[in-house]
Structure formats: C-alpha cells, structure tokens
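Novice: Chains A and B, in that order, give the protein sequences.
The opening residue of the first sequence carries number 5 in this note's numbering; numbering runs sequentially from there.
The opening residue of the second sequence carries number 305 in this note's numbering; numbering runs sequentially from there.
Straight-line Cα separation of at most 20 Å, SDA-like style, residue types lysine to any residue; simulated pairs:
(1) Lys616/B x Ile124/A
(2) Lys616/B x Ser223/A
(3) Lys616/B x Pro228/A
(4) Lys616/B x Arg313/B
(5) Lys616/B x Gly132/A
(6) Lys336/A x Ile417/B
(7) Lys616/B x Ala127/A
(8) Lys616/B x Phe234/A
(9) Lys616/B x Gly133/A
(10) Lys616/B x Asp220/A
(11) Lys336/A x Arg418/B
These are calculated hints, taken from the structure and not from any lab test.
Computed from a prediction, not measured in an experiment: that's the story for all the values here.
This is what each chain is made of:
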Amino acid sequence: MTTDASAAIARPRRFPQPDRIKEISLLGMIAFSMIVFSFFIDEYPGARFFDRLTTSVVIVAILAVGQSIVIITRNVDLSVGSIVGFTAYLTGDFLATFGSAGPIAAIGIAIVAGAVLGSINGALVAFGGVPAIIATLGTLAVFRTAMGLYAGGIDITVDRLPDWVLEFNQRSVLTIGGFDLTLIFVITIAVVAFFQWFLARVRGGRRLYAIGSNPDAASQAGLPAARLIFLAFLTSGALAGLAGFMYLTRVGTISAAAGAGLELRSVAAAVVGGVSILGGSGTVLGAFLGALLLDELRLSLIRLPAISEFWIEAALGALILVAVVLDATLRKRLNSRWAAEVRRSIGEPAPVTQGIPEGGSADA
Amino acid sequence: MREWARNHRWEVLLVGLLIATTAINIAITPVYLGVGNFINLFGLSVEKIIVAVVMAFVIINGEIDLSVASVMGFSAAVMAALYVGGDVPFVVCVAIAIAAGATAGLLQGLVVIRFGLPSLVVTLAGLIGFRGAARVLLEDTAVGDFPEWFDRLGQQPLLGPLPLAMVIFIVELTIAWIILERGSFGRKVYAIGNSAEVARFAGIGVTGVKLKIFVTSGLVAGLAGVLFAARVGSVRGDLAQFFELDIITIVLLGGVSIFGGSGSMLGVALAIFTVLNIRNGMGLTNVDGLIQTGVIGLLLIGSVLIPNLVQKARQRRSTPAIAHAPP
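Isolated chain A (complex conformation) (with noise of 0.2 Å):
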C-alpha cells in the first residue's frame, strides 16, 4: 500500500492546478488590457510607464501580501492602512531626529514596529478569541488615534527628513534603456518569492492553508492554531511596517490620514488575485498580479484622453466586482476537474454527490 500513498503525493500532469491557472490568466489580463490600452494611449506601453507602475504598485503589493497571509487563515486585517501611517510617521520622526541614520537601520525599525503593532491584533484575534473584523476594527481607531497623540498634531515634512530618503524611491538597480529597475520594485518581489515558496513548500505555511480551509479539523489535528494565527497577523503587520516605510519615501510628508483606505485597496488585491476570503487558498502570487492588475488598469485610465480621472474608482468597482464573480463561477470548474484529476491519479472512485442546495457550498 506505501506504494500507492507516494503515488497520492505525486501529481497528475494532464491538468494543471487551479492556483496557476488563477495566476496565468491574471498575467494574460495584464497583457490583455495593456494590448488593448496601447491602442488609445500614445508612447504606451513604455519605459515611463513601466517605471510609473514598478514604483506606485509597491505599498499595496506588500500590504496584499500580508493581508492574503491573513486571509489565507479565514481571517482579515483592517488596521494594515493605519499600521502604515504609524510605522511611516514613526520611522520619519526617528531620520528627523537622527539625521546620520541609513535606510537599514529605518527599515529596521519600521519593521519591528510594525510586527509589535501587528502582534497586537494576533494576541486579540488567536488567544482573546475576539473575531479578526472586530479586533482589527478596533485596532484600526486605536493604532490611528496613537499615531495622533505621537504626533501631536505635527506632520513630518520632507524639509526635517535627510535626503536620501526621497531618492531612495527613485534608487535603481538596473537600467536597460530606459527601464529602471527600482531597488523598491526588486524588495518587493522578494517579499513575494519568499512568502510564495513558504506558504507552498514549508510546513508552518502549509497549516495556515489548513487552518484557513477548516479550523475545527486543524486543531483536532493538533496544529498550533493560536499560535500560527498569531505569526500571520505579526507578519501582516511586519510587512505593513515596511509598507509603512516606503510610503515615507514616497510621499515624503506625513499628517495624521497618512495611509487610511490602505486596508481595503489591500483586501480588493488579494480578492481580486484570487485569495478566498473564506480562507484555505489562494496564492501570494496571485495577490501580488491582483495588486499590479489594479494598479496597471488604474494608471492607464488615468492616461486615457477619452476618460476623465472621475471615472477611474467607479470603473475600478465594476473591475473587482467582474474579477470576483468570474472567479468564483470558474474556479468551482477547475477545482472539481483537479479533484477528479487527482482521485483519478491515486485510482479512487468518484464520491457519491448528494443534492447539495444552491449557494450551500460559497467555496469560491
């Protein structure tokens, strides 16, 4: 029988997984709609618009990162946009008052602020036993209004910050033509390899996919629930800390709003690249194509002549609203072929499917 359980392990080539399919065919809506755009738009698409979208997609890239980590556990995080207003104000008054420090040591710090924040929210949600909306709800007013007693009422400004930090948004690692690859472009899409390959090939991410897809299974397994729920919610503030930092360096100017709006635009990324928000999967991959998707269309409306910029979040709307419903009439098909495909694979029969109600399973 040990021979038949590898070959449970080993996968059926002729289908492939859903997850990929959900992350080509994000990558084909990008080429799509570019394709499409280049036709009304001059210079398009160029090297000015791949930089313009290379350094304004990071912030909601990471914060998609680490919402879909959350969301992955069943549950969410609405403090991510006032955990980057802190982290930014926070890591701005630090260069202020300490003019001589690098961007390692203000990562460091809006990192590690970040994580204490976020493991506010874990020790809320994973041993409180306080629902994640209300926890984070909450925590979204509370972080919000102790950034505001910190601050007092003054905004950092780019004159009181030392000047690489507003150069460090435009610090490239490489140029070919006139692409610049940014060193905050490179960052992020080192975030996102590193949380895909953990989330896909290490144990500590594969449980956060158990626990999100059925809790009560999980821990009747024996998985260290609490605690994994904690580490999610810790990183998602982690990564909203360096999220945090970047929007220093990009707006320069911090005031007491700095980043709200932030944690829904991080939710619509994920939803769109395809993260269920009932938790148990989706990819981090497909949450960064979802943040860029949002992003690319977003920037090509603005450069379109024949649409004013008031168009831009009502047709954004309709996008998410188009990505959600298309995802979750295909991605029944494909999960119930890939189900069939790898029954089939380890030679077990078809389960007997019972009238299941309409809308009984919303697994999408």
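Since chain A is already given, all that's left is putting chain B on it; use the hints.
Specialist: Just chain B, lined up with the frame of chain A:
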C-alpha cells in the same frame, strides 16, 4: 426579571455603561442636561445611527454591507446632479436619489445571491464603485443652494425640538424593533443568520429575505445621504466617506454577533446611546475627536475581549474540579 437579565447579560452591561457615562457627563459639565445639548448629541450623527439600525438586520442575517457610506454619497450625488441639471422638480430629485440607493442595494444583493459570493467582497467592490460613481456625477464640485424648504427640513425642528431626521430615526427604531423581535420576518432573519442551510431546509425563502434586507440597506443609506445633504446644506463627492466603520462599530458594540444569528434591537439602541453619550461628553469637555475615535475602538475590542477572558478564567477554575471527579 432575573431570567430576562440572565438572557440579556449584554444589554444589562450596556445599561450600566450608559448610566455610568451619563453620571460622569452630568458631573463634568452642567451643559449636558440641557435640551439643546440632547438635540446636539443626536444631531451630529443622526444619519449614521439611521443606517446602523438597518446594518443590525444585515449582520444578524449573516451578511455585511461595507458599501453604506458610499451609497449615502452616491444618492446625495444623484440628487445634487439632477438638481444642477435643472429640469426636474426638486421633490422628484429626492425621490430618484432614494430610489438610486435602493437600486444599489438591489444590485449588490442580486450578485451575492446569484453567485454565492461573500457579501464582504461584493460590498467592498460596492464601496469603491459607488464612491466612484458619486465622483463621476459631481467631479470636484460642491453643490449647494438647495430649495429653502429642503434646508429647513434638515436644520430646523419639526416636531417639538426634534428635526426631521430624528423623527425618522425614532420611527425607524420602533418599526425595526417590531419587525425583528415581534414578527415572523425577524425570526427568519435570525434563523438564516444561524445557518442559511438549515433555514433553507426548514422551508424559509432565504434568498428573498436576504434580497429584501440588502434593498432596505441601500434604501435607508440613500435616505440617510439625502438627510445628510439637507443638514449640511451642500453635497460633495466625498460625502459620508469612511462612515461605514463607525456604523459597523455601533452595531457590534450593541452585542450583535459578527457571525450572524444573534443580537437585539435593544442592544443596538443602547449602543447608539452609549457611543453618542461618550462622544458628547468628551466633546463637551473638549477632548479631541481623534481620542474619541480611539476610545470607541478600545470599547469595541473590550466589549468582546473582556467577556471572553472572564469566561476563560471561569473555565480554568472549574476544570480541576472535573479532573478530580470520580470516574
């Protein structure tokens, strides 16, 4: 009475909190007890609490509506855009605006039901989309100079000292209480919130109930948007932005479970009074609005965390007793 108190522990707690905050407010400032202050206490957030009453239905039903604040802005923008257009009588503008809110709710409800999608996702798209639609209608202009009767309805007392919006709130709260806790529709809302599947097998028309609630949520948000416009006297694309979080906070603080199936109108009403009371008291003593937000946030977390911790401690105390029990 004792029985009732045991079953409504949450409401009892809120009454305690309400009495405590009122006592503190009276002690801090003599202005508090004036009629003018009471009107002020409600007046500044009356649109939020009008929406919160319906949000309670949405959440008890096991769904959520993140789009309410955007729908408020959207409806007000529809009204303002029609008014600027000039050809439509203003009463018709108002009616169309409220109908637009109901349509927004209908649209989102249909998507949730038809595709079995989580309402969190659908109404998140609605939050972004309807805010965008408001911006499309008004761009970056502010529309004001509404007919005099409209501003008067929004700003002047209508019934005794009460302006129209507060009369609407009181009537709405009464109707909501009757429907939710005294009628068959309310029982269905709870049943669906507990388990939509079980409710379906019990023969409840789940989709119908859900759709009605989504439409009502949109309709009331539309009405609240118009009332907001009347009170403030002008409309911009960002009207009522970010209100959704305050509204949901009030409902959850009222003891409505975020997982659906439990909560009471009394709890929501008490939470409304408590939140307004706290904000009013802090406002009278010149506490910064930012700190008020933080206090409400702490209250929201504490309202769930503290009972949980108490229960945990109680369990820990009772576990050894079980361990020592003879087999």
